[in-house]
Amino acid sequence: MLSSADREDYTVRMDQGWSDERLMLAYRDGDAEAFERLYQRYRSKLFRHLAHQCGDARLAEELFQDIWLKVIAARSTYEPLAGFATWLFRIAHHRLLDHYRRHARDALASYVDDDVLDALPAPPDTDPAHTAERSAIALRISNALAALPAAQRETFLMAEAGGMTLEEIARATATGRETIKSRMRYALGKLRLSLEDLL
Amino acid sequence: MTLPDDDLPRDPALSALYREQLPAEPPSALDAVIRAAASKALRPLPRPWWQRLQAPVALAATVMLAVMLTLTMEHNPPETQAPTPQAASQAPAAEPEAREKARADAAPAPVRQTATPTSPGQASAKKEAAVQHKAGAASAYRPATAQPDSDSATPMTEQARTSGIIDASPQKSLAAPPLPASAAPTPAQAPGTAATNRLRNEARLQSAEEWIALIRQLRKQGKAVEAATQWQAFRNAYPDHPLPEDLRDSP
Numbered sequence: 001m002l003s004s005a006d007r008e009d010y011t012v013r014m015d016q017g018w019s020d021e022r023l024m025l026a027y028r029d030g031d032a033e034a035f036e037r038l039y040q041r042y043r044s045k046l047f048r049h050l051a052h053q054c055g056d057a058r059l060a061e062e063l064f065q066d067i068w069l070k071v072i073a074a075r076s077t078y079e080p081l082a083g084f085a086t087w088l089f090r091i092a093h094h095r096l097l098d099h100y101r102r103h104a105r106d107a108l109a110s111y112v113d114d115d116v117l118d119a120l121p122a123p124p125d126t127d128p129a130h131t132a133e134r135s136a137i138a139l140r141i142s143n144a145l146a147a148l149p150a151a152q153r154e155t156f157l158m159a160e161a162g163g164m165t166l167e168e169i170a171r172a173t174a175t176g177r178e179t180i181k182s183r184m185r186y187a188l189g190k191l192r193l194s195l196e197d198l199l
Numbered sequence: 001m002t003l004p005d006d007d008l009p010r011d012p013a014l015s016a017l018y019r020e021q022l023p024a025e026p027p028s029a030l031d032a033v034i035r036a037a038a039s040k041a042l043r044p045l046p047r048p049w050w051q052r053l054q055a056p057v058a059l060a061a062t063v064m065l066a067v068m069l070t071l072t073m074e075h076n077p078p079e080t081q082a083p084t085p086q087a088a089s090q091a092p093a094a095e096p097e098a099r100e101k102a103r104a105d106a107a108p109a110p111v112r113q114t115a116t117p118t119s120p121g122q123a124s125a126k127k128e129a130a131v132q133h134k135a136g137a138a139s140a141y142r143p144a145t146a147q148p149d150s151d152s153a154t155p156m157t158e159q160a161r162t163s164g165i166i167d168a169s170p171q172k173s174l175a176a177p178p179l180p181a182s183a184a185p186t187p188a189q190a191p192g193t194a195a196t197n198r199l200r201n202e203a204r205l206q207s208a209e210e211w212i213a214l215i216r217q218l219r220k221q222g223k224a225v226e227a228a229t230q231w232q233a234f235r236n237a238y239p240d241h242p243l244p245e246d247l248r249d250s251p
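Chains as they are written, first to last, in our numbering: chain R, 1 to 199; chain H, 1 to 251.
To be clear, the hints were calculated from the coordinates, so they are not data collected in a lab.
By construction, the Cβ of each residue, glycine as well, lies at the ideal position given by its N, Cα and C atoms.
There are no misleading hints in this set.
If you want a taste of the chain R side facing chain H, the calculated C-beta under 10 Å gives, among others: (1) G30; (2) D31; (3) A51; (4) A60; (5) F156; (6) M164; (7) M184.
Use the sequences and the hints to build the structure in full.
So this is what it looks like as structure tokens:
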């Protein structure tokens with residue numbers, strides 16, 4: 001049992017020096033504080049990623065909760081074979097695919113044939129413009145993202161919202177590096193086109 | 001936020017525009033749900049009811065088994081085959097006094113009847129017993145399993161020596177070593193117990209003779225080891241008993 005001073009020192013070191021993988025291993029071994037640190041690091045990134053992916057705040061919250069519950073359920077079997085971010089967004093990727101399988105077949109199709117479907121615009125039912133509180137700019141960005149095919153949007157959001165590298169995105173989506181590069185190029189091109197007056 | 005330096009195509013202007021218009025954070029209620037789930041996952045799972053009852057049921061079963069075994073042992077005690085040295089030593093040290101008392105009595109002793117097959121050794125034993133036990137008045141035969149007195153180690157008084165005839169029961173088996181351990185009356189004892197002690201001494205005398213007869217029988221049957229064991233026990237119980245001639249060479 002740690003004293004209060006030791007506990008404070010432990011928490012500071014956890015905040016500053018511990019990697020995501022070490023925090024997850026600590027949580028696996030029973031440290032609830034480690035999970036709290038990990039959650040603080042990734043809650044905003046993941047939520048933004050999901051919000052822009054599905055364009056619906058309520059759906060994003062549902063997916064957000066499902067994904068974290070899967071992380072908690074997998075606690076006992078976690079092994080740091082890949083980075084934590086890769087692992088987390090891989091879970092998010094599969095959860096999104098499950099959602100698309102049930103509700104949005106067109107969005108799912110964009111994950112199947114990248115070469116053909118990456119060039120097509122997103123179907124109209126993925127338009128995320130639902131909330132009035134958003135600023136016009138935010139709304140336009142949301143609209144621009146929603147207009148992207150799901151695979152390109154996911155790549156862009158993993159890079160921007162998740163702060164992931166090319167390698168991490170490739171592993172999370174089980175896709176080749178060149179495919180990820182291609183998706184990102186297409187996504188950036190379309191977004192520049194939609195938002196060039198704001199740039 | 002610094003973008004990772006890798007081969008992924010990026011647009012710094014778009015990245016800056018996107019970060020300026022970041023969408024809302026997850027609601028605090030959602031945070032609470034997830035944190036609660038994370039804490040709950042660390043709690044140990046409750047054991048099923050049948051696992052919680054394992055220890056008490058096992059303990060109860062053990063106690064029941066012990067009680068039943070104890071009751072069974074009390075109702076069916078194991079049989080003893082040979083007199084214990086303690087029991088044998090409690091036998092009449094009194095025996096010599098009983099013999100003297102028997103001699104003092106004038107009445108002839110009845111012929112002992114036993115169920116064992118006759119043999120020369122047996123016949124001589126019976127004769128010797130008849131000679132040694134010239135008892136006076138007839139008295140009831142007390143079985144060899146008579147309970148010992150608490151003062152069994154004390155010698156017999158003169159009154160106790162003047163005992164009656166030791167009657168033999170036809171059913172008495174020589175295979176059962178005689179049990180002694182009845183108390184000799186002490187001077188402090190009330191006169192009313194003298195008759196009881198006399199009876200017990202008579203039983204002890206007959207027990208000694210029967211024991212000798214048993215030893216003879218064992219020797220005749222070729223059970224030398226068992227005969228030697230019985231002989232040693234007899235000598236411990238009756239150290240002053242006169243040695244029969246045929247047994248004087250026994251170890």
